[in-house]
Amino acid sequence: MNKNFKENISVVLSGEAGQGIQTIENLLTRILKDDGFNVFATKEYMSRIRGGSNSTEIRVGEYAVRSHSSNIDILIPLTKESVEHLKDTISSETIIIADMKNLKIDYSNAVDVPFFDIAKEIGNRIYSNIVAAGTILALFSTEKEIIYSRMKKIFAKKPELIDKNIEAVNRGYEIGEKIKNSGIIKIEIEKNSKIKDNILINGSEAVALGAMAGGCDSVFSYPMTPGTGVLLSLAQYSKSFGILVEQAEDEIAAINMAIGGWYAGARSMVTTSGGGFALMEEGVSLSGMIETPVVIHIAQRPGPATGLPTRTAQEDLNLALYSGHGEFPRAIYAPGNLEQALKLSRIAFETADEYQIPVFILTDQYFVDSYYNIEKTDLSEVRNENRITETREDYKRYILTENGISPRGIPGYGKGLVIVDSDEHDEYGHLTENLDIRIKMNDKRLSKLDLLRKNALEPEILGDDDYKNLIVCWGSNYETLKESLKNLKNTKTAMIHFPQLYPLNYDFKKYFEKAEKIISVENNATGQFSNLLKLELDAEIHERILKYDGTPFSAEELTERIKKAI
Amino acid sequence: MNKNFKENISVVLSGEAGQGIQTIENLLTRILKDDGFNVFATKEYMSRIRGGSNSTEIRVGEYAVRSHSSNIDILIPLTKESVEHLKDTISSETIIIADMKNLKIDYSNAVDVPFFDIAKEIGNRIYSNIVAAGTILALFSTEKEIIYSRMKKIFAKKPELIDKNIEAVNRGYEIGEKIKNSGIIKIEIEKNSKIKDNILINGSEAVALGAMAGGCDSVFSYPMTPGTGVLLSLAQYSKSFGILVEQAEDEIAAINMAIGGWYAGARSMVTTSGGGFALMEEGVSLSGMIETPVVIHIAQRPGPATGLPTRTAQEDLNLALYSGHGEFPRAIYAPGNLEQALKLSRIAFETADEYQIPVFILTDQYFVDSYYNIEKTDLSEVRNENRITETREDYKRYILTENGISPRGIPGYGKGLVIVDSDEHDEYGHLTENLDIRIKMNDKRLSKLDLLRKNALEPEILGDDDYKNLIVCWGSNYETLKESLKNLKNTKTAMIHFPQLYPLNYDFKKYFEKAEKIISVENNATGQFSNLLKLELDAEIHERILKYDGTPFSAEELTERIKKAI
Amino acid sequence: MGNRIELFARNDEKEMDIAWCPGCGNFSILNILKAALSEMEEITPENMVLVSGIGQAAKIPHYFRTNTFNGLHGRSLPVAQMIKAVNPELHVISESGEGDMYGEGGNHFIHAIRRNPDITNLVHDNMIYGLTKGQASPTTQKGTVTPVQINGVFLEQFNPIATAITMGATFVARASSGDPAQTKEIIKKAIRHKGYALVDILQPCVTFNKINTYKWFKENSYYLDENYNSENKMKALEIAFNTEKLALGIIYKNEDKKAFHEQLTIYKENKEPLFKRKHNIKELESFINSKI
Amino acid sequence: MGNRIELFARNDEKEMDIAWCPGCGNFSILNILKAALSEMEEITPENMVLVSGIGQAAKIPHYFRTNTFNGLHGRSLPVAQMIKAVNPELHVISESGEGDMYGEGGNHFIHAIRRNPDITNLVHDNMIYGLTKGQASPTTQKGTVTPVQINGVFLEQFNPIATAITMGATFVARASSGDPAQTKEIIKKAIRHKGYALVDILQPCVTFNKINTYKWFKENSYYLDENYNSENKMKALEIAFNTEKLALGIIYKNEDKKAFHEQLTIYKENKEPLFKRKHNIKELESFINSKI
Ligand SMILES: Cc1ncc(C[n+]2csc(CCOP(=O)(O)OP(=O)(O)O)c2C)c(N)n1
Ligand SMILES: Cc1ncc(C[n+]2csc(CCOP(=O)(O)OP(=O)(O)O)c2C)c(N)n1
Ligand code: SF4
Ligand code: SF4
Ligand SMILES: [Mg+2]
Ligand SMILES: [Mg+2]
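One line per chain: the protein sequences are A, B, C and D, in this order. Mapped onto numbering that gives the first Met the number 0, the consecutive letters of the first sequence carry residue numbers 0 to 565. Mapped onto numbering that gives the first Met the number 0, the consecutive letters of the second sequence carry residue numbers 0 to 565. Mapped onto numbering that gives the first Met the number 0, the consecutive letters of the third sequence carry residue numbers 0 to 291. Mapped onto numbering that gives the first Met the number 0, the consecutive letters of the fourth sequence carry residue numbers 0 to 291.
No lab work stands behind these hints, which were simulated from the structure alone. Some hints here could point you the wrong way.
Said to hold, decoys possible - One-sided excerpt, in silico: chain B residues whose CB lies under 10 Å from chain C:
hint, residue
1, Y62
2, A63
3, E248
4, I258
5, N402
Note that beta-carbon positions come from the ideal geometry of N, C-alpha and C, so glycine has one too.
One chain only, chain A, in its complex shape (with noise of 0.2 Å):
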């Protein structure tokens, strides 16, 4: 069962809630990275503190991996048990690597090793994980100087833990170097000694820090998976940087905190999932209605209701588009991956601020969950900009412009009165029952669309510029379909991206008409964007490639299904 692998390998470690797997995949991440690989880390989790059955999935690479791969070649279970739930993804291919006799795995192909006994040896069944993270290393040749030191940094916080878990590690590395030798695995992937200085986030972090460049320094939020990972992190962040940081009583006090931010000069972002915005939305109308901005990050999770807490879906589109009610405008934002995230969070905070509108955030849980390796960021073009006026004395809040956009006063900066006022209202923000003014100030607010989408950012297209076949995705499948058009190796195909989902400029269209046949490929049972796109751009899709399991797309999946949709 020899087996070599050249350009890329994906490593799967799975056992129970609280057996460690989300130590072994930062510590492994982390250490192969320093060590000049690409790595991408993705887990899958259930919604549950202990027990059960997760995985984390690494894929390690000589080039960028960025997607979920349905294919294992490595799997180190620490549960008997969550070999069976894995039972579909392993193939006659896959090489288990185990602790057999305490798991009573029985398995052709697989090495046995003792995890559990070495654990005890070292003291406690609790280090086999970190066993085990020492022998993949040594399948990869790294050197134990690059893992100490990043050991170091992981358990600086609890020094007196370093050396058991040295221990650990150097036990599990004997035994990779022995398989090694054996030639059973042999790891031949280039490495590349720049991708140490890269960063290594997941999508939590992007999403965080994006905003924080978009100058967020409030957020509120009721926590709610997958969503809270955002709120974590800028809880952390605010350590170094002010943010006030505040948790809500439910999600209804969190926009309505936002938004009173936004009124008083601070940039404020919630954070939440389907269920917890579908609360928000009397909110987001209000937002509309005063022309207070807010900024709202939605990661996606399987409904209805309470559905897979811990899954990944892209069913909450249109709950993002009708939220509210009455009508006005929006934007919508997907980022599909870590760059994009940095990047579109950011400006999400600057469309909000310009157009003083709700703006939308849209992940799922398999981003925000997801680390890669991505190149350092450079912010020095992102301005400082804060579009508050300093107001006059005869301040109009709700002055009427030519593009409907007023300049945005707020109390006790300037000369002048904010009042802003959910009711129909004057120039001034005073309530009205004028039906004139009515639809000047509906006219007005829904004006903003118009510009909005004319400055809508530009879709990314992949592949052939001579293509017949288009396929169309959104989110998180960036990567995956990216991976599948490389596999597919088809000419005559591209893929098209959208970062922003709404509005869409209607020069869009070129894109569709263009193809011949166009494919959509989406986390839902419906097709969300493929009707947006249709009410939008007339784009008529051909064929809808969904799945709403729960779980991604895999690039091997997709390829799959997109070489049958063709």
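Please arrange chains B, C and D with the ligands on chain A, whose structure you already have, making use of the hints.
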């Protein structure tokens, strides 16, 4: 300025909140109906309890008059401001009957009647509205007996008021007779003695009574204009029919209460307006997930946010259509007239019960506040069906069936247990993270949409069978468009009205394919139903006639706009 | 009697994969509730409904054999109240974590009490958001550091006992998951109480709450005296405000108030649950047609 | 000083069309608030914000000259708290009807108090839903018949004073719209209190509440004694629970608690409101690039 009125006449009464405009509306419509006239009354009012300017429009006709007219034949103002308020609708043809001196009104086409002085002679200025009513009734030559008998009914609970009021009516009547005899105003509208047996209700009452015909036995609501009317009606009817009426602490409680009610075997509804409904969306998603029915009445008003609380709009179709996170089926009905309201509210309960989904009844302020006479209703065909099943021991709430519908049990009825869960669940209703079951359950839920679609209510087509122009409308524009179509006298033009907005049977495409020009009529700024028709039926709407100033279309206005559009 | 406990066990109890951490106080509460119900002959899995929200505690109905409504986070009380109202023959228990009940569900908590519905409200109070991994809940103690409250909680701790009494609750108790025997008795009394009954149950979360441990709860609580008069509201409040030492037992009780459903006119003449009633369509028709 | 009252009057005050009924208690509250503010030199229309929800009471900011946030029904407190938190230089008053504040907004009410934000919460308590035409509110008296509660309200009356004290409010008062002089003084103290201050203001609704009239309020209320010690929580609660006779004045006060914004780390070193701060993009860039 002598004027003769033949087929129909419109009389407008205007004044401040608190001046008893509603009392005369009630009095006049009922008495005129008793006298054999077709009557229609609609009011427009400000969001305040006293003061401001409100008005009631009463149309009286030989044939059914069922829509707002922008034409005022006779105006009876009780304040000077209310004349100003109506200035755009007063034409050179309008006759004003008013206490010119006291109101200090200067107008050429006026009949001066000292309503206030007479009222003071009777004992109190507040009788002026009744004096005015008397004047109008004399113009219609309504016999005193008819007037007295209705007044006795209306004042049945306050017998001490009857004498003064009858005196007031008589005094007004005398003056009316003089005007009539002078020939200034001559009303020659035919009476029809059958009409006196017609029922006279408004939209709120029709929705409430229809719901009761659908078995509604409980209502949970947080007050919100204009949705409160249905709550008040049900509260009032609960005296004679056993209905549980509970005011919830907020809208979130209301919808969860209603779902709890259905779960335990009651038939519950909520009633609200857009902003209140925005808070219910998580609950809608719950209903979709646990397949526990709920009926939601939304009386629309202009948004966003608080908007124009007492005005009318059709802005919340998208809100209902896309409400709730995740994907699940729903049905939306929107009555076009009172007969439809009686029927569709009943059907809403039947659909909710049969398909175990959230079902919407969409109305608007104009609709719920308008009165007219309709024929007596016949419920002999109504089956008192309750589809709940007596459970067996091993009852599975979500047993997979061919059409997606599982027999619905309730706790305490049968030997089985009824387990519902907002998480993804297995056939028993227990939480699961099995992804195969997830797909099956999601498919099961969504498959109900196919059946709903197949059984969708047919739209109604009126006008030339051989149409080139097709005018689409929904909800309360039905009767207005009908009248406009009559005015239009254009052959080759037909109208289509959808009592069920969603889902639509794909067969309905045929109605659009035939048309050369399709025009839509909606009370919103974006054409929400037009977009839905594009998505559902591929209908391309060529022209959208939209109105969003908070007032309904009048037949005259709509006629003009259609003429331009054709 | 011993056998009745089986009644409330799922058929597949052996294979049942419980999502709680080993050592969690929830296990104990699950067992206590089963034991309490098994000792109440009037209750069967068929004539009761367990209503819960979302959270670790709120998973409890899945480990039970009974009618279950596992609804939305924070929304168990509106559901529970109206299940009881439309069918008073059912025994209704609304059960969830304290975040669910006092945080997201806070408005329902205060207003449900005002109705005095005849339901039992069991709250697993682990002073933390368990399922979402350890953020502060309304009852989290000041100073507790969490991944969100990185500098420690400084909000006033929510006092469920005092709040319930203030709102006019008719049965207010505190119990501990660490003491099955007495907690069982408290729960039985709560269920038998005719009106709204709150039992706030102290429950260690061994994973995320390292402050309020089994030991801490033991050291910081005491049982009310046998002779304690639970009908004195001011006294009860005084006890409730003592958060140095948490009182266990029935802190306040008032048997004189009618339950919500007992005040409803729908049950004045007809005691039948709504689902058994036939609507008289003929009568409705005449009623509509009388609106002339 | 007399002149300062003009400061808070709208320029178009003459033409202003006030939506309240003649005789409504809201007029008096409007005037009292203007008078109170005019006597507080530290406050100007520019450095304060009046935040309201929706209802008759909530229209008050429109008859005022000041910064205004007239938001959603029930949601003034979340907005008001964070306006203060992001700019502590502003004086923030959150004002609405009791339905707005204790009904729809109930969850914010209880949890806002736990934060002790330095805002003033004025509640026009007319014991009825005015704007929606007379349904019961949380403080509606038992027995009141309304178009929805056709057989009379039977829910326990919500007690805002007792609730606020129970939640740990640091300033809790009741006042009457019928007594401008004393109410003005109470409001001034509430505004000057450093922390959350509730003033529940009894307000007759002459149109929809025929029970709790001017006369009724007069006959059923009394002022607390001059010597009354408002720092005794249990005593304050006892007074709060006496709903036969409603106490007027400052019922409870606690000056020892820090306000919300005073506890925030963002103000530990830098006192500037957030809008004045420049974000250091270079520093952020290095921070991001250090995440290797
Ligand atoms: C509307 C909504 N908001 C947030 C969540 C996420 N959520 C699930 S459980 C929970 C808190 C659980 O805490 P608690 O009620 O104390 O229960 P425990 O897990 O501690 O038993 C939260 C915030 C949700 N499911 N729905
Ligand atoms: C979400 C939402 N629900 C309901 C309403 C309707 N509404 C407006 S004001 C009000 C009650 C007002 O009562 P209160 O707060 O006591 O003020 P009052 O009018 O008595 O001064 C209600 C229910 C609304 N505007 N928004
Ligand atoms: S996280 Fe806490 S509450 Fe949840 S199961 Fe584990 S120990 Fe129990
Ligand atoms: S309805 Fe009542 S509260 Fe509203 S203005 Fe009139 S009297 Fe005042
Ligand atoms: Mg908890
Ligand atoms: Mg009120």
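Hint-by-hint comparison with the structure:
1. The beta carbon of B/Y62 comes no nearer than 19 Å to any beta carbon in chain C, farther than 10 Å, and the hint placing it at the interface is violated.
2. The restraint placing B/A63 at the interface with chain C is violated, with a minimum CB-CB distance near 16 Å, outside the 10 Å limit.
3. Nearest Cβ of chain C to the Cβ of B/E248: about 4 Å, under the 10 Å cut. The hint holds.
4. The closest approach between the C-beta of B/I258 and any C-beta of chain C is roughly 7 Å, which is under the 10 Å cut-off, so the hint is satisfied.
5. Using the Cβ-Cβ criterion of 10 Å, the hint placing B/N402 at the interface with chain C is not satisfied: the shortest such distance is roughly 24 Å.
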